[in-house]
Amino acid sequence: MTIPAMDNNPLFSHLQCRECGRRYPKDAIHVCEFDFGPLEAAYDYPAIAKAVTRAKIEARPRSMWRYRELLPIEGEPLVGKHTGFTPLVRANRLADRLGVKELYIKNDAVNFPSLSFKDRVVSVALSRAKELGIDTVACASTGNLANAVAAHAASAGLRSFVLIPADLEQSKILNSLVYGTNVIAIDGAYDQVNRLCSEVAGKYGWGFVNVNLRPYYAEGSKTLGFEIVEQLGWKIPRHTVIPMASGSLLTKVNKAYEELGKVGLVAETPYSIYGAQASGCSPISTAIKNNTETVRPVSKPQTIAKSLSIGTPADGYYAIRAMKKTGGTADDCTDEEIISAILLLAETVGIFAETAGGVTLACAQKLIASGAIPRDESIALCITGYGLKTQEAIAEHLGNPSVIKPNLRAFEALLEQPVQSI
Amino acid sequence: MSVPVRIPTPLRKLTQNQEIVEVDGLTIRDVIENLEKSYPGLKERICDEENNIRRFVNVFVNDEDIRFLEDAATQVKPGDEVSIVPAIAGG
Ligand SMILES: Cc1ncc(COP(=O)(O)O)c(C=O)c1O
Ligand SMILES: [Zn+2]
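Chains as they are written, first to last, in the numbering used here: chain A, 1 to 422; chain B, 1 to 91.
Pulled out of the complex, with its shape left as it was, chain A reads as follows (with noise of 0.2 Å):
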C-alpha cells in the first residue's frame, strides 16, 4: 500500500507529463490520466546548479549514487548503495580493428549486483518504493530486469515476484530463481508479459518497476552517462551507441548529457546518439530508416538477443526523437553479426557481452563503416550485459579445449600440432 509522498527533497520537485505538462505528486504513479503520456521527474535545475560541483561529486563513494541530486529519491538512498561506477575502458585494439581513432567501453557488464545496467534502474525503483512504505515489488521482464529486482529486493527484504516470457536463456531464470524470488514464466512474448503486469499493476498495490514505479525506474539510466562523462574527465563523448529494446536507456542517457550541460558541469558540446537492434526485433530503427516517428510493433520478435525483443517499444518515439535531434540514427544487425561482435569484443577488449553487447558492437561497426559515425572523433559504446547470461547463444561457436593427458610429453605434443586459430 503507498502512502502520501513526503516532501524533504526541493530539487526533485514533482512529476510531470511529458506530453502535456500537467503537474502529478511523487507517488507510484507512471501516467498522465489525460493523454496517457509518461510521467517524469521534474527537477529543480537551477537549484541543482547552485548544489553542486565536480569536486563535490569526486569526492563521493564510487557508485551511481554520486549524482543524486539529479536522482528521483527523498533521502539517502536505501538500496543499491554499491550499483553502479563501473569501468570505461579505453579500447585501442578495437579501435584499430575498426579503424578508429578514439574509442571507449563503458562496461556495465560488470555492475553490481547483478551484472547488468539494470541494476541502475532498480536501485532508484526500490530506493523509492522503500520511501512509499511499498512492501512487494515486481516487473515484467526480458531477462535482465528481473535479475535485478530480484537481487536488489532480496538485500532490501523486499517481496518480489518477477514476470518472464518463458523461452528465455537457462542462465537469466536461473539468475532470479537464486535469490528466492517468485518467477512467473509466461507463455508469450515480452508485450504479453508486459500487459499482464499493466493489468496486475494497479490491483495488488504492489511496486512494479516499469509500471507504477517508472518513473523512478528510468531515471536510473542517467547514471550511466553521467558515469561516461566524469569519467571521460568531464566531457560529453561526440557519439555514444547505445542497445534499445524499450528505448528507455537511450532516451535518459540523452536526458543525462544534457542535464550535466544545464547544471553547469559540464560544457555544452556537440554530441550524437545512435541506437542499435537486432534485426529480428528492430521496430525503432525500422522507424528511423523509413523516416517516421511511428513506431509500428513487431508482434513476433525473432532473434538471440532476447533482452532486447520488445516489440512495442514504450520510449521509440523519444529515442527516435532524441537521435533526430542529436544527429544520430539507428541500424540493427543479424544474429551472425551479433556472435561475431561478441567474439571480436572477447578477444580484442577482454570483455564478455550478453548478445545486446553484441547488438551494440555489431551496430557501431555498421555505423562507422556506412560513415554516420566518422572515424577520427571519440565513441562511447554502451555494453550493457554480461557474457555468461546468454550463453546459449555463442556456445556452439567457441572451440573446445584441449584434453590430454597429465604429462609433460602430451603437452609438448600438443604445443607442436598447428595452432588452432578460432
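Honestly, I wouldn't trust all of these hints.
To be verified - So, partial list: chain A residues that the calculated Cβ filter (under 10 Å) puts toward chain B:
1. Val31
2. Ala140
3. Gly188
4. Gln192
5. Val295
6. Ser299
7. Pro313
The set of hints was computed from the structure by calculation and includes no laboratory data. Where is the CB? At the ideal position from N, CA and C, for every residue including glycine.
Starting from the known structure of chain A, arrange chain B with the ligands on it as the hints suggest.
Only chain B with the ligands this time, still in chain A's reference frame:
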C-alpha cells in the same frame, strides 16, 4: 451488440471505478464513441484532437494489438473482449 471493455486504472475515475464496462459497437471506432456516451470524457483521453488513438494508448481485441489488425476500423464480435492499456516501459 455489446462487448466488455477493460478500463485501465488511470481512467477508472471516469467509470465510477468499474474495471470492465459493457459497450455497444461493431468496430473499435464505434466502441470508443459509445464509451464516450456512457462515460463522458473518456474519448478525449483515448483519442487526440485529430480523432486518432493516442500514441501512448494500446488497444487490444482479445490478445491482439489493433495495430496488427485494422486499427480503429478493427471489427468486434460477440465474445470478444476489448482492453485499453497504457504503453509500458520495459526490460
Ligand atoms: C542488457 C540490456 N541492454 C539494453 C536494454 C535496453 O533497455 P531499454 O528497454 O531501456 O531500451 C536491455 C533491456 O532489457 C537489456 O537487458
Ligand atoms: Zn498529459
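Hint check results:
1. Val31: Result: holds, 4 Å to nearest chain B Cβ.
2. Ala140: Hint holds; Ala140/A Cβ to chain B Cβ min 7 Å, cut 10 Å.
3. Gly188: Holds, because the Cβ-Cβ distance from Gly188/A to chain B comes to roughly 8 Å (cut-off 10 Å).
4. Gln192: Constraint on Gln192/A satisfied, holds at 7 Å.
5. Val295: holds, 9 Å
6. Ser299: Holds, about 5 Å.
7. Pro313: holds, 7 Å
Checked against the numbered hints above, the structure violates none of them.
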